[in-house]
Amino acid sequence: MTDLIFNVFILLTIIPCFWVALSSNIVHAAFSLLITLFGIAGLYVLLGADFIGVIQVIVYIGGILVLIIFGVMMTQRGKLLPLSIQLPGKLFGAVLTGVILAALLLSATRTLWPVAAVLGEPQLTSAAIGDLLLGKYLIPFEIASVLLLAALIGAVLIARRSVRGE
Amino acid sequence: MLPDHLLSWMIFFPLLGAGLILFVPKRYPTVMKGIALAATIPPLWWAANLYVQFDRWGTGFQYVEKVPWIRAFNIHYYLGIDGISVPMVLLTALLSFICIIASWNINEHVRGYFALFLLLDTSMKGVFCALDFFMFYVFWELMLLPMYFLIGIWGGPRKEYAAIKFFLFTLVGSVLMLVVMLVFYFGSVEPATGLHSFDLTILADQSVHQAFLRSHTIRWLCYLGLFIGFAIKIPLVPFHTWLPDAHVEAPTAISVILAGILLKMGTYGILRISYPLLPDMAREFALFAATLGLISIIYGALCAMAQTDLKKLIAYSSISHMGFVMLGMSVFSNTTAINGAVLQMFNHGTVTAMLFLLVGVIYDRAHIRDIDSFGGLAKTMPVYAGYTGLAFFAALGLPGLSSFISEALVLVGSFQQYKIITITATTGIILTAAYFLWTMQRVFLGPQNKKWADLPEISLREAFTLTPLALIVVLLGFYPMPVLDLIGATLKHTVAMVVG
Amino acid sequence: MIPENFIQSNLQGISFIGPELILTLAILLILLVGVLLPYWRHRILFTILAVAGLAGSVLPLWKLPQPAPDLTYLSNLFVWDWLTFLSKPFFAVVGVLTILLTQVTGEIDNSEYSECTILVLAVTMGMMLLVASTDLLMIYLAFETMGILSYLLVGIRARDERSGEAALKYVLYGAFTSGTMLFGFSLLFGLAGSTDLLAISQKVAFASQHPQDRLLLIVAILFFLAGLLFKTASFPFHFWCPDVYEGAPTPITAFLSVGPKAAGFVLFIRLFYPLFATGHDATIYEAVSGLDWPSILALVSAITMTLGNLAAIHQNNLKRLLAYSSIAHAGYLLMGIVSLSDLGLRSVVFYLVVYLFMNVGAFAVVAMVASAGGSEEIDSYRGLGARAPYVCVAMAIFLFSLIGLPPFAGFVGKVYLFAAVIYKKIYWLAVVAALNTVISLYYYLRIVKAMFLEKPTETIQIQVPLSSRVLLLALLVPTLGLGIYWQPLARVVSGMF
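Note that the protein sequences, when read in sequence, are chains S, V and Y.
FYI, the numbering for the first sequence is 1 to 166, going by the working numbering.
FYI, the numbering for the second sequence is 1 to 500, going by the working numbering.
FYI, the numbering for the third sequence is 1 to 497, going by the working numbering.
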């Protein structure tokens, strides 16, 4: 049963990815991304990472993606300019992708991963994460806030510029 | 009365002058020239004293100064001179002094010219006195900077091309030397301290070489690297193509320095570094080096014959003459040839300096150097013709003048080891005689060219620069012992070391 | 319920991140001044605040205990060794020089100036954290702090399309490569079940014995390289470099070329030496068996320097030219990493210090000439030597130092790097680097030639203010001084490893 759900989420994650990359309609691409992100959230939940799964839905789907879609719909619609990549470039890309994919698949299957058996119900993680964020990872947490602050300032600067530019 | 640390004073005194020149206001160019001249006189005096006081029988280094410089790399500030360095230092001091006088007519960017010239002076003396490989390398490279600007700013029409070509060629050689230097550093362990060393006297001791530095391939490659570096400087054919360009475009005084001193650094480097550090390879490369020397002799002479530009002619004659040095240095079966080679280094320094100064004189007046456009100048400028005649005869090796002795020594010595090469090299002398005499005829004899009939005679200042050189040429032609005395003991030691 | 020991650990470790705290304080102060005192928005005020913050950030260092290789703090997230200790003043100097350069050249508009200083301080903080991190999570956070904020810095100049384009390119390449690196991190995390480098290194040493695990390690190494080679602008992730360097404001370019690049190299040392190398004896390391990454890097190094130097020959824009030169220098620096020895590590650090002064110096001159009425094109340097001798002599010295000619500091740096590879008997790389030096001579000399050997095509008088001259002097002194007597710095770097 779990395997079936797992496979469904996998397909939900991967198939729309092709749409994102290949579609020439940006709205379609954005909506496909939504499904992919949802699939990833499902995978998190299946792995027992309830907190991350929920955050994934709230932040990525609820926040970022909606913003992207708004942005897309409010600015420009219609066909994207087709990228003009020459055949040698495409070929090179395909070969490189193939090699990396093969290497990843091989290493994923061959490696002796240290696997711990999970017993019984998965535990809720939010409390543990909270402990870590205020304990071991307090300083990184604060550093991330400095990063966000500085990034915010930079973003304001760039936004201010484009407003003034009009 | 001599100061302590004589060599340091001699090396860095010009640099002090250069520093002083930077603070002279722009409107006093003569003051700058005066300072430059003043900065070259004490070193000349000290060099002369050095010459007198140098112990001719000692084989070790004299006037040694050694203080740690960079402990992390075991680099020392290490100066000292032996019989090979003394004539070179003397030549450098003399030519620097003369060249400052010869540069008196420089009126463009005076400050830069004389400051750079003095920097060049410092680095040249440094090369001849350094006994630490690292220091040698620093001075060796330091020379490139002023030279680049001196050719590039004050040179002739194609100065930019000539300057960069000079720089690129020399740098190829020196980066190879850098790699070899580091290989030697890591390949040696100073027995007293257990540290790696750049000390040339220690590196010359074959027993400090580590196992990997004993491998034939490494040694062979190291020697090749050094040899290319020095051969570019000498320059041996086929590494010579920078030389004609640099000589032709450089201002007179710089041509003098280039031909008179810089070329000697190549052969000096071989004597100071290649031979002591890799004596076995020196033997192995001897025939190759002698062959390149021969090729340079013949090729240089043939090219000189084809030139119409006086400066180019002298440039090619330099290649030919330096070929004799290389040939003489490649002989280890006797000390005659190598003595002749070092004497030739000194003699070529004086003779070529005269030649370039003389070309400078005529170029300043006529603004061309085309051999065929002159004619009958002997009538217009008899004194000038006299000086030129002396220089030409000296250059072509007329008995009684200095080059004859050195070339004869080289040929006599090398005949014992390389019969065919030596016999072929003699044709070089004939060719040299041919092109110098032919040039002489075209410039000074024959019908007077009316266009140049009223060229002024050589000035007192110009004569003053030429006279000391002329005296040396004549003196050493009759009695070469003043130089041979100096170098004999050291060279005997060198040959003994190479032969092993 | 937070475990007691974490509170303890955080309280004890807080003093070790004193520099970062002071920088954060300075950031907040600048922000407040900018918001609360709108009439005080003078450049000089922000400059003073920022420089004071950077200078103040190194003060706590002397109050802290002696660094030691195994002294970790904040729950093993950071390590307090000599590399950490000395990197902090290094990055503070990078920050100070950048701020001063923006101040004297006036390249950034007044309206953006306070934000610019904030971003520079924040990136500096990120770099300081990065070099101290020994935990994959912290490394990535610091890496992105440095990365994201430098994208913003590149695009900071308003009304300049080039700046925006450069920023976008930087973001795209940066996001791709750091994402790849993160994937590599996740692979190692999966293998070791920990983000702590020490724990991972034990697992890697163990896993490398098993052939079936080796592929994963190779993939991880290659993915790490993506992020690191990007930050250091090395082949094959160097394409962004010329465009970004050209488009960014010149002081920011100077900042990028020494700051994040240096941080990238320190990260190289932090990641590759503990994880994929084992200490053979005290001075030599060996690559973990079965993973011959030094050979790959040696090849990358040779290609990077050759590519950078060859491409630089054709550039007419000085910033582009210096960008390619900076690629070439990344290639030289990789030689130190490749040599897998203490000497190699020392040579990297030594070269970075030297490179800081000479490269910022070269960019400073470009910025000064551009702001004094010239341009960034090589044409506007024709005959400049006669019109602005001081600046041009300084430029010549920086360029000669970049070539690696004595008696300038760049020469000593190169000797260090050459020594490192020759020490490990990688002779071919030394010869390639030596020949590259000759190639590089050609294009650096093009600038020198334009300045001194050619006649001016225009007669604009270049006036360089006194403040710029003083800044140049401050850069010249170490460039010359370290070339003549570098024993003090040699002692410092010898003590590090």
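For the record, the hints were derived by calculation from the structure and aren't laboratory data.
Hints are not guaranteed to be accurate.
What the hints assert, rightly or not - As a list, the in silico EDC-like pairs of lysine to aspartate or glutamate whose alpha-carbon atoms are at most 20 Å apart: (1) V:Lys312 <-> V:Asp370; (2) V:Lys492 <-> V:Glu160; (3) V:Lys26 <-> V:Glu108; (4) Y:Lys455 <-> V:Asp309; (5) V:Lys165 <-> Y:Asp292; (6) Y:Lys169 <-> Y:Asp243; (7) Y:Lys203 <-> Y:Asp292; (8) Y:Lys455 <-> V:Glu160; (9) V:Lys450 <-> V:Asp370.
Cross-check of the supplied hints:
In summary, the hint linking Lys312 (chain V) to Asp370 (chain V) is supported, as the alpha carbons are separated by about 10 Å, within the 20 Å threshold. Between Lys492 (chain V) and Glu160 (chain V), the direct Cα distance comes to roughly 43 Å. Violation of the 20 Å bound is thereby established for this hinted pair. About 11 Å separates the Cα atoms of Lys26 (chain V) and Glu108 (chain V), which keeps this hinted pair within 20 Å; it holds. For the suggested pair Lys455 (chain Y) and Asp309 (chain V), the alpha carbons sit about 27 Å apart, so the restraint of at most 20 Å is broken.
Restraint check for Lys165 (chain V) and Asp292 (chain Y): the C-alpha separation of about 40 Å exceeds 20 Å, so the hint is violated. Between Lys169 (chain Y) and Asp243 (chain Y) the alpha-carbon distance is near 8 Å, which keeps this suggested pair within the 20 Å criterion. Taking the CA atoms of Lys203 (chain Y) and Asp292 (chain Y), the gap is near 18 Å; set against the 20 Å cutoff, the hint holds. For the proposed pair Lys455 (chain Y) and Glu160 (chain V), the alpha carbon gap of about 12 Å is at most 20 Å, so the pair holds.
Our distance criterion of 20 Å between C-alpha atoms is met by Lys450 (chain V) and Asp370 (chain V), whose separation comes to about 15 Å.
In terms of the numbered hints stated before, the structure departs from hints 2, 4, 5, listed from lowest to highest.
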